[in-house]
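Novice: Sequence:
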Amino acid sequence: MLGKIIDATMTFFDNHPSGRILNRFSKDIGNVDEFVPLSLLTVIVTFLNLVAMFVTICVMNYWMILPTAFLLLICSVFAAVFQPSNRNIKRTEGVTKSPIYTHLASSLQGLTTIRAFNAQELLQNQFDKHQNVHSAAYYMYLAIYNAFAFWIDFISTIYVGIVIFSFFFIASDVRFGNVGLALIKLFQIELIQYAMKIWSDLETQMTSVERVNDYTELTPEIQSGQVTLPKSWPSNGNIDFNKIFMRYTQDGAFVLYNVSFKIQAGEKIGIVGRTGAGKTSIVSALFRLYDFDGSITIDEVDSKSISLNDLRSKIAIIPQEPVLFLGTLRKNLDLFDEFDDSQLWSALEDVKLKDALSDLPSGLDTMILEGGENFSVGQKQLLCLVRAMLRNVNIVVMDEATANVDLRTDALIQATMRRKFRQCTVITIAHRLDTVMDSDKILVLESGCVVEFDTPDALLQNVNGFFYNYVKKSYQLG
Numbered sequence: 001m002l003g004k005i006i007d008a009t010m011t012f013f014d015n016h017p018s019g020r021i022l023n024r025f026s027k028d029i030g031n032v033d034e035f036v037p038l039s040l041l042t043v044i045v046t047f048l049n050l051v052a053m054f055v056t057i058c059v060m061n062y063w064m065i066l067p068t069a070f071l072l073l074i075c076s077v078f079a080a081v082f083q084p085s086n087r088n089i090k091r092t093e094g095v096t097k098s099p100i101y102t103h104l105a106s107s108l109q110g111l112t113t114i115r116a117f118n119a120q121e122l123l124q125n126q127f128d129k130h131q132n133v134h135s136a137a138y139y140m141y142l143a144i145y146n147a148f149a150f151w152i153d154f155i156s157t158i159y160v161g162i163v164i165f166s167f168f169f170i171a172s173d174v175r176f177g178n179v180g181l182a183l184i185k186l187f188q189i190e191l192i193q194y195a196m197k198i199w200s201d202l203e204t205q206m207t208s209v210e211r212v213n214d215y216t217e218l219t220p221e222i223q224s225g226q227v228t229l230p231k232s233w234p235s236n237g238n239i240d241f242n243k244i245f246m247r248y249t250q251d252g253a254f255v256l257y258n259v260s261f262k263i264q265a266g267e268k269i270g271i272v273g274r275t276g277a278g279k280t281s282i283v284s285a286l287f288r289l290y291d292f293d294g295s296i297t298i299d300e301v302d303s304k305s306i307s308l309n310d311l312r313s314k315i316a317i318i319p320q321e322p323v324l325f326l327g328t329l330r331k332n333l334d335l336f337d338e339f340d341d342s343q344l345w346s347a348l349e350d351v352k353l354k355d356a357l358s359d360l361p362s363g364l365d366t367m368i369l370e371g372g373e374n375f376s377v378g379q380k381q382l383l384c385l386v387r388a389m390l391r392n393v394n395i396v397v398m399d400e401a402t403a404n405v406d407l408r409t410d411a412l413i414q415a416t417m418r419r420k421f422r423q424c425t426v427i428t429i430a431h432r433l434d435t436v437m438d439s440d441k442i443l444v445l446e447s448g449c450v451v452e453f454d455t456p457d458a459l460l461q462n463v464n465g466f467f468y469n470y471v472k473k474s475y476q477l478g
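The numbering of the sequence shown is full-length UniProt numbering, which starts it at 1 and goes up by one.
None of these hints come from the bench; they were simulated from the model.
Every residue, glycine too, gets a C-beta built ideally from N, C-alpha and C.
Worth double-checking, as some hints may not be accurate.
Listed next, the in silico DSSO-like pairs over lysine-lysine satisfying Cα-Cα at most 27 Å (straight line) [said to hold, decoys possible]:
1) K243 - K262
2) K262 - K354
3) K420 - K262
4) K197 - K231
What follows is a list of derived Cβ distance ranges for each label pair [as the list claims (entries may be wrong)]:
5) K472 - N213: 32 to 38 Å
6) L202 - F150: 33 to 39 Å
7) M10 - Q343: 45 to 51 Å
8) G327 - Q83: 44 to 50 Å
9) L202 - A52: 18 to 24 Å
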């Protein structure tokens, strides 16, 4: 299941919050591993005991064949009514639990921001709302089961009375030993309710099997890969977007509409636009995170004809939100042990981190906490820059990489980019216009369409253009 989720499309993660996925790995996997086998064994043993009880009673007193058949018929009708309702409510209970996990995870992740804005009460109210919805579903599940148990016990009590009446008034010639054996077996009548409960629980737990199975049958990303590439590809870094149409869902709006532009080898391209204009969508298309119509060629090779592993390994990205994994600093920089210590320290020195990290007792073997909590945001961003430098690729993407860092770190990143990626094709997405003013060209997006693409000087000459207005508003706000 984990392998299928890792290979799933980005659309899957857009439609499935982290809490729902965690619920599969915690509750559903727990049910499949522990409760389903145990419940199945219990159901088999219990039903065999009930069969033995009914057979014994009917053999001792054949007058009980008809009441026994009637009892089983009534129980079957009750079960046919109860099971579907119970199964649906239990499924609802499981679904309503996922928002609790999602809310709790996001609240813990943003705890500092929540306290800074004094939003504890708001988040508490939201949590209580999710909890109340789940509690209502769980209460309904308990209420339906208790009602079912009451009527099963009621019918079973009547059956016990009929058995006793039959032995004393109808089949009075039966030997006392046989009567005693039948009555001892009759004490197991309570197993009817227990068997129905276990069977219901088993059916309910089978929804966990169904949910896990759904995740094991996820559609993976389309790998393609008809073209065998040389190790040096892409040697230049030419990129050609040709009539790209892309949307995140099959019926959703286009996030990129008829996008066409060319980037020459070694050019530094800045991408600007309002929020939702399609800046990040350009990067998503370049990495083939979503399906699109049209073609993107890199050094004359169609990206759709390349395997995803080859394509993504040849493009470095410095994301807006730096990601560090739980483990050593060395593994975060060089996961596959491709570089020696001298190369790692040299790269760290280029971003002015060598002095700070060399003072750590364990050096490159320093453990990084979950989410990189023992590093500042600026340091984490610089470590992501080191990763890109070590990749030694000819295409680098900066997805608003300096949006969350201070001006000093921003200047350091920009200087390092100019020095280390001088020969590379660099695509920079930024909200701060000053970070792309020294680009060779600037791509201006509006509602998923390319509205301008030229040098900064040429764009500023057009007083009616989008970029000119962006710069004008930026200086007015400044």
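Novice: Take the hints in turn and mark each one as holding or not.
Specialist: Checked hints:
1. K243 - K262: Roughly 11 Å separates the two Cα atoms, so the pair holds.
2. K262 - K354: violated (38 Å)
3. K420 - K262: holds (23 Å)
4. K197 - K231: This hinted pair is violated, its Cα atoms lying about 62 Å apart.
5. K472 - N213: 32 to 38 Å: Hint violated: Cβ distance 57 Å, outside 32 to 38 Å.
6. L202 - F150: 33 to 39 Å: violated (21 Å)
7. M10 - Q343: 45 to 51 Å: violated (33 Å)
8. G327 - Q83: 44 to 50 Å: holds (47 Å)
9. L202 - A52: 18 to 24 Å: Distance hint for L202, A52 holds at roughly 21 Å.
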